[in-house]
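**Q** Note that the protein sequences, when read in sequence, are chains R and S.
Here the first sequence is numbered in the UniProt record's numbering, starting from 1 and rising by one per residue.
Here the second sequence is numbered in the UniProt record's numbering, starting from 1 and rising by one per residue.
Simulated from the structure, these hints should not be mistaken for lab results.
Some clues are possibly wrong.
What the hints assert, rightly or not - Derived lysine-lysine pairs resembling DSSO-like cross-links, with alpha carbons at most 27 Å apart:
1) R/19 with S/115
2) S/115 with R/175
3) R/164 with R/114
If you're wondering where the values come from, they're calculated on a predicted model, not measured in any experiment.
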Amino acid sequence: MDYDPMAMDDVESLGPVVKISQADSVRVKFELSNVEMPFANSLRRVMLAEIPTIAIDLVQIEENSSVLADEFIAHRLGLVPLHAEGIESLLYSRDCDCDEYCEHCSVKLSLHAKCTGDENMQVVARDMIPVGDRINQVLGSPVITDSEGQGPLLLKLRPGQEIKLTCIAKKGIAKEHAKWAPTSAIGYEYDPHNKLHHMDMWYETDAKTEWPPSEYADWEEPPAEGEPFDFDAVPDRFYFNVETAGNLPPDVIVNEGIKVLQQKLAGLIHELAEGEGEANGYDGPRSPEYNGGGEGWQDQGYTTPYGGGNQSSYGGAGGTTPYGTTTPYGAGQNSW
Amino acid sequence: MVPNSTTKKQTPQEAGDDDISMSRPPASHQQPIGEEDASMADVEEEYEEGDEDDEEVAEEETQRVRLLPGSSPNAASFEFLDEGHTLGNALRYIIMKNPDVEFCAYAIPHPSEAKMNVRIQTYEGTTAIQALEKGLRDIQDLCDVVTDKFLDAKLQFLEDAKA
Numbered sequence: 001m002d003y004d005p006m007a008m009d010d011v012e013s014l015g016p017v018v019k020i021s022q023a024d025s026v027r028v029k030f031e032l033s034n035v036e037m038p039f040a041n042s043l044r045r046v047m048l049a050e051i052p053t054i055a056i057d058l059v060q061i062e063e064n065s066s067v068l069a070d071e072f073i074a075h076r077l078g079l080v081p082l083h084a085e086g087i088e089s090l091l092y093s094r095d096c097d098c099d100e101y102c103e104h105c106s107v108k109l110s111l112h113a114k115c116t117g118d119e120n121m122q123v124v125a126r127d128m129i130p131v132g133d134r135i136n137q138v139l140g141s142p143v144i145t146d147s148e149g150q151g152p153l154l155l156k157l158r159p160g161q162e163i164k165l166t167c168i169a170k171k172g173i174a175k176e177h178a179k180w181a182p183t184s185a186i187g188y189e190y191d192p193h194n195k196l197h198h199m200d201m202w203y204e205t206d207a208k209t210e211w212p213p214s215e216y217a218d219w220e221e222p223p224a225e226g227e228p229f230d231f232d233a234v235p236d237r238f239y240f241n242v243e244t245a246g247n248l249p250p251d252v253i254v255n256e257g258i259k260v261l262q263q264k265l266a267g268l269i270h271e272l273a274e275g276e277g278e279a280n281g282y283d284g285p286r287s288p289e290y291n292g293g294g295e296g297w298q299d300q301g302y303t304t305p306y307g308g309g310n311q312s313s314y315g316g317a318g319g320t321t322p323y324g325t326t327t328p329y330g331a332g333q334n335s336w
Numbered sequence: 001m002v003p004n005s006t007t008k009k010q011t012p013q014e015a016g017d018d019d020i021s022m023s024r025p026p027a028s029h030q031q032p033i034g035e036e037d038a039s040m041a042d043v044e045e046e047y048e049e050g051d052e053d054d055e056e057v058a059e060e061e062t063q064r065v066r067l068l069p070g071s072s073p074n075a076a077s078f079e080f081l082d083e084g085h086t087l088g089n090a091l092r093y094i095i096m097k098n099p100d101v102e103f104c105a106y107a108i109p110h111p112s113e114a115k116m117n118v119r120i121q122t123y124e125g126t127t128a129i130q131a132l133e134k135g136l137r138d139i140q141d142l143c144d145v146v147t148d149k150f151l152d153a154k155l156q157f158l159e160d161a162k163a
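Isolated chain S (complex conformation) (with noise of 0.2 Å):
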């Protein structure tokens, strides 16, 4: 057993460094067949850890947002699982109205997978992910003061029907 599997509340992401960087081990080994195959070692210590790990597996199935490889800081690339045009398209838009951002698109790669990515460039000063974030935020931002006027409006015109 690896030291740190010993403390069994430890998720990958609470982990020590080396594990951080080991639990996005390259890509080709594990695909498409995926994790449980890929080592023989890696499955025994999952059965040994029990519980936790089922609740890590499916902690990372829930992963909805990731960054792509090959991003830095100032330039990343996002993938959503389970989006499509209804967020791209808004969030795009609005992270793009953000002075700070020099590029924003997304795409949806193939209509038959349901992903959505997100290219994000910004200027210095501000990191794609902030960037990504202040959108999202944004975007709630203008939900809350359309629901609120709408409020307003229902408000208002049953007062108008009343008279």
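Isolated chain R, as found in the complex (with noise of 0.2 Å):
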């Protein structure tokens, strides 16, 4: 097959192209040309809900007087950035061997407060204090990026009030809970001058005058005056605006979030590589019984009165019936 996968179909076939307009510890901003917005809307999907990171997930209390219900605290507590460096080495709580949880597959963090002071005193994320053993020295700890280095207020205690708790931190991913996304923000826009009429924009009296340019127009021409609207225009520019929560560095989001793809399409083509392996792929709606039915294979998903025409097939129902002669689907079944 003489094509290119990565080619753009305009005459120009340079491949993907990425350049970086502004990068700090917070934010990157980046532009990916070449590409089709499929695959930038899926690295965009990925970062957003699929890379791995820390946060607490099991939270065990033991003293609590402040004002707050125990829940609320616990919700709050999900809510709190961690490091997630290393976050590769640490196990899924559901893939380790251990009973609930353990030093491969989380991490604790204890908090004990008490305000013994006549003022009332907040409890910020410094306090939770990482115990046992960790994989390294940062994985698990609390994210603190303000000046006074005192992270997320959790609460606040009256004099006499005492909160004390234990935390588990274990890994996941944003897709089962948001406390696990990596980034606050992925800023992903394209076609600044609206050429593609992807956008509508409402207006009092003239849309141009009354929506600021976006902060990327003077990157590409303005329409010409009276151009005609090109129908088979494509957008092949996109920004991305990858902003972190404190938990990775902006930059090793986006490699992850490849990764992270790469990964799922490597698990695919590894089991597609299984499934060739077997005598006859296609043959998922074929059984013995089926076979000397005469008819073609193909009809008997929808005409047969096992009915199941969207279900048996390629593995699925089959793995724990190999034995075959002696399931009740026996060969005296032929005539169904």
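Take each chain as given, in its own frame, and dock them per the hints.
**A** Have a look at this one:
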């Protein structure tokens, strides 16, 4: 097959191009061009929802005399960003051999605060102390970026009130719960002049004057006066703005996003390769009973009294009945 | 016991031809209660098999792509578990770019089921499975290139920042 999957349909087939316009510890802004929208969008979606990070998942409360309910505090704790450096060495709890959690699949943090003064006291993320063995010295520590070095405010205590609890932080992805999101937001835009008419701008009198131009408006040619609409045009320049929640550096998020996408693909390729090793990949709806049926097997999914045209196939239900002749679907059912 | 099951190492996939087809029995009897209830004979045999069988069951659970019934070499539908638009749209697009592919589309039949279906129809000369695999590899290559380009861009940015 002599075609280049990365080539654009237009003349200059250079393959994807990345240009970084701004980068610091919080965000990276870059332009991804010469790719198609489906890929750019996949990258965006995977960065948003499928990069593993670590977040508090279990909270064991020993003492809580604050005004806030236990579950309220537990929820707040879950949302505290934790450093995720080295997360790849941490196991998912569900994959770990331990009963509930252990140092291979979790990080333990302890929080104990009592207001002994006569002023209200603030309990902040810095007060959470990682305890026990960790994969490295930062994994699971609360992210602290403010100038006072306090971290997010967790709760306040009146004089005499006390909070004592243990948190178990586990690995997860944002598809399961947004607390595992590595990004606080991802900017994604294309076609700053709306040449493709993907947007329909609301206006009082004139859309041009009422809508501020995109910060990328200078990067692309504005449409010429009276230019006819190009029905074949597709977007090919995408402006990303990846802003981290603090758990991973922004450039790492981009790399991890691509990595997750590739792992996904590699897993599927591996599975397909396994499937091809079988005698006939297409014998899904075919089984010994059907072979004698005389009809084209393609019909079977819809016409048999088994009725399950949408089921039976490709290893799906079959795995546990490889011992053919003793199943109730014996050879005697050829007539089906 | 069926002769094949005495060979402990054999998985259903590797077993003889008879067993392969039997490993995909007709659907309806097994829905929705599952294989365990389909036949007591099966259940007993599984227990005899012991650990080996447990592993098989586990493998079966992680099978994330399967061929839907009614497929032929040139026109097939696949069902992906735990995949969504993230993979679906990119895959659909890249497969459609393959000139040997006549048609490719994807759908998420129901939003509360984590399933994604891909339909591929090819011209003569390739099969739908090959086209799918090629599509997956093409996205991988694309990812490789973007990774490299992003790294280059990062180094370039750092250099520019110094200057």
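**Q** Between the alpha carbons of residue 164 of chain R and residue 114 of chain R, is the straight-line distance 27 Å or under?
**A** Distance of about 8 Å is within 27 Å: holds.
**Q** Would you check the hint for residue 19 of chain R and residue 115 of chain S, treating anything up to 27 Å between C-alpha atoms as holding?
**A** violated (35 Å)
**Q** Does residue 175 of chain R sit within 27 Å of residue 115 of chain S, going by the straight-line distance between their CA atoms?
**A** holds (15 Å)
When the structure is compared with the earlier hints, a violation turns up for hint 1 alone.
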